[in-house]
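K.L.:
Start from the sequences, fold in the hints, and give me the full structure.
When you line the sequence shown up against the working numbering, it's residues 4 to 340, in that order.
For lysine to any residue, the following SDA-like pairs were computed, each having C-alpha atoms within a straight-line distance of at most 20 Å:
no. : residue 1 : residue 2
1   : 299       : 236
2   : 208       : 241
3   : 208       : 179
4   : 317       : 277
5   : 232       : 294
6   : 232       : 272
7   : 217       : 179
8   : 317       : 82
9   : 232       : 303
10  : 217       : 336
11  : 217       : 184
12  : 299       : 267
13  : 142       : 181
14  : 217       : 278
15  : 317       : 250
16  : 232       : 302
17  : 232       : 194
18  : 217       : 323
19  : 142       : 111
20  : 299       : 270
21  : 217       : 79
22  : 317       : 181
23  : 299       : 238
24  : 208       : 340
25  : 142       : 127
26  : 317       : 79
27  : 217       : 245
28  : 232       : 297
29  : 142       : 182
30  : 142       : 110
31  : 208       : 196
Hints in this document: simulated from the structure, not taken from any laboratory.
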Amino acid sequence: MADPEFKQNGYHKLLSGTEMPPVERLTRVVTWATIVLAAVCLSCGGSPQGLSTPSPVSSLNRAETPSVPEAAPAPVLPTEIFVGAGDIGQCTNGGNPQATAQLLDSIGGTIFALGDNAYPSGTVQNYRDCYDSSWGRFKSRTRPVAGNHEYDSSPMGAPYFDYFGAAAGAPGSGFYSYQLGNWHVVALNSNLPVGRNSSQGAWLKADLAANSAKCTIAYWHFPLFSSSKHGNIEQVRDLWRTLYEDGADVVLGAHDHVYERFAPQDPDGAPDSVNGIREFVVGTGGAPPYPFVDVKPNSEVRLSTNGVLRLALKAGGYDWNFIAVNGPGDAGSGTCH
Numbered sequence: 004m005a006d007p008e009f010k011q012n013g014y015h016k017l018l019s020g021t022e023m024p025p026v027e028r029l030t031r032v033v034t035w036a037t038i039v040l041a042a043v044c045l046s047c048g049g050s051p052q053g054l055s056t057p058s059p060v061s062s063l064n065r066a067e068t069p070s071v072p073e074a075a076p077a078p079v080l081p082t083e084i085f086v087g088a089g090d091i092g093q094c095t096n097g098g099n100p101q102a103t104a105q106l107l108d109s110i111g112g113t114i115f116a117l118g119d120n121a122y123p124s125g126t127v128q129n130y131r132d133c134y135d136s137s138w139g140r141f142k143s144r145t146r147p148v149a150g151n152h153e154y155d156s157s158p159m160g161a162p163y164f165d166y167f168g169a170a171a172g173a174p175g176s177g178f179y180s181y182q183l184g185n186w187h188v189v190a191l192n193s194n195l196p197v198g199r200n201s202s203q204g205a206w207l208k209a210d211l212a213a214n215s216a217k218c219t220i221a222y223w224h225f226p227l228f229s230s231s232k233h234g235n236i237e238q239v240r241d242l243w244r245t246l247y248e249d250g251a252d253v254v255l256g257a258h259d260h261v262y263e264r265f266a267p268q269d270p271d272g273a274p275d276s277v278n279g280i281r282e283f284v285v286g287t288g289g290a291p292p293y294p295f296v297d298v299k300p301n302s303e304v305r306l307s308t309n310g311v312l313r314l315a316l317k318a319g320g321y322d323w324n325f326i327a328v329n330g331p332g333d334a335g336s337g338t339c340h
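P.N.:
Here is the structure:
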């Protein structure tokens with residue numbers, strides 16, 4: 004039974020927590036507990052000196068605003084090698100895919116094939132005779148895109164999708180993305196509708212929105228800018244614009260049988276050293292080279308030869324090295340936006 008004096012002084016209400024607001028109740032409980040503890044120490048011959056009386060309000064504030072640990076920085080992944088070309092498997096009429104395949108023999112990493120991989124029509128036999136006999140030995144590490152010749156023998160490019168399997172993306176679409184070290188890599192199909200309202204255009208926008216990597220590279224067959232035989236191919240401008248608006252860094256194309264490097268530019272061809280995309284045309288995989296016809300603005304290097312482009316994809320930047328079968332190459336470096 005509680006002591007009458009205890010009840011008379013209202014201490015039972017203090018400890019039971021009734022008839023007072025929460026902060027006042029907490030303050031009184033802490034104060035009363037301190038008094039009791041001090042009394043116990045005095046009754047034992049001790050001294051209250053050295054007791055620390057906490058501030059009830061500051062204790063409450065600490066409970067309401069816990070510290071939030073800082074997020075760990077994203078890990079820096081190793082540099083990845085990304086190497087390849089387009090316009091590859093022409094094994095007649097002066098083509099030489101074996102020469103570029105021999106260059107790849109000594110280069111590790113992931114291989115890109117930029118379309119028109121098997122001439123003249125992308126048939127099953129063309130793939131067997133002219134691609135598989137050269138670049139086919141790298142099939143397990145190749146991520147391809149389709150060119151216009153892949154559709155010459157089949158409206159859906161069936162031999163291409165059958166040959167590469169899952170590595171080429173879903174049959175009938177052929178656009179996909181993946182991560183390569185610190186980089187986001189987007190493979191697109193320029194033979195299909197590419198407008199902003201197309202299924203591919205909508206997919207690209209959603210894919211980029213879901214990507215958190217600092218650096219992005221995209222590749223497909225038809226180049227927006229080219230100084231060679233086919234010139235600028237306007238139909239892919241919407242792809243460029245979507246990539247530009249998202250801050251992409253590099254675009255690879257082929258179709259013209261040349262190597263050409265452009266300075267960073269916007270989708271309309273204006274120089275942009277801050278946010279522009281650098282385009283490489285690499286239609287040099289084995290088909291006979293074309294001449295240059297009309298040099299476009301922002302074109303920096305032009306080589307009419309076979310060879311492969313080797314990219315070292317690093318955290319925050321990239322190095323490029325075009326390795327020619329014969330003659331000089333081209334090398335340099337760039338940073339991500």
